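S.K.: The chain contents come next:
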Amino acid sequence: MMKKTEETEGKNPFKIPDNYFEEVNRKIISATAGYEPEVKKTGVYRRLRPYMAVAASVAVLVMLSFVALRLFQPEKTTQQVSEIIYSESTESYFDDIDISTIEQNAASIDIYDEVPDVSNQEIIDYLLLDNVEISDIYNQL
Amino acid sequence: MLVEKYSSRLYWHIRRLVILHEDADDALQNTFINAWKAMGDFRNESSLYTWLYTIATNEALTLINKRKKNETVSIDDLAGYFAGSHEGSTWFDGDEAQVKLQNAILKLPDKQRVVFNMKYFEEMTYEKMSQVLKTSEGALKASYHHAVKKIEKFLGED
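Protein chains in written order, with my numbering: chain A, 1 to 141; chain B, 142 to 299.
There's no promise every hint is true.
[What the hints assert, rightly or not] From the structure, some residues in chain B lie toward chain A, with a derived Cβ separation under 10 Å: (1) TRP153; (2) ALA165; (3) LEU247; (4) LYS294.
Simulated from the structure, these hints should not be mistaken for lab results.
Keep in mind that this is a model prediction, so the values were computed, not measured.
Ideal Cβ placement from N, Cα and C applies to all residues, glycine included.
My request is simple: use the sequences and hints to build the entire structure.
M.R.: As structure tokens, this is what we get:
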């Protein structure tokens, strides 16, 4: 920085008339007394803008949280999915059918209806073809 | 009161730029009237003084540009003012060194003159100057450096 010398710094070389500041202050105050400061009118949008900004920020935050939860939530395993499907389907099945109906249906089933009509001799022949000992066959009979 | 608090500091800032008392007086009054009219634009981002100081600087520069355009006051006129041969010279009472320094400052381009005055006489920080002149601190430092070199050269010539 350029150093101030005693010669240049000394007293202020610029002069002003006596009582200048008292005079000019009066002039300025009387000159400004006639003016009204311009106050800019603020519209509805300008006044609501901060609140709208906050609302928009909250909305964006909620959306981001929702997307993040969807993206980063651990996926269900195949087993868990099949268990859910099984439990849901069986529950709904038993909800729909009356238990007494099931008991009646069960009682009416003749289990011997399903046994094939095969004679003992045919069974023995089949087992002999399969190299089963005849003594073993008779033990079972 | 705002006017009483700041008028003196603003006057001397303007006076160093425009030199003539009558011009400084006009610019000072315009500064307060324009500031009053534009009070709605004032934001608390800067201090009230910095805001007024910015308006005062603009008023001074506008006045200097008007003088150039209308060729009402030349550098020679101002040199005569410092030398005591110009009308109104009663408002300048500098010794030989001060006259030389003021003549050297007069020869600077406007921007460098403003920066030099703010730094050398008012000891303003580059940060504050940057707010007032809307110029980067780096550019202001460069301006001041060039201004000092020119003044030193001018003073060394005699």
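S.K.: Run through the hints listed earlier and report the numbers of any the structure violates, in increasing order.
M.R.: 3, 4
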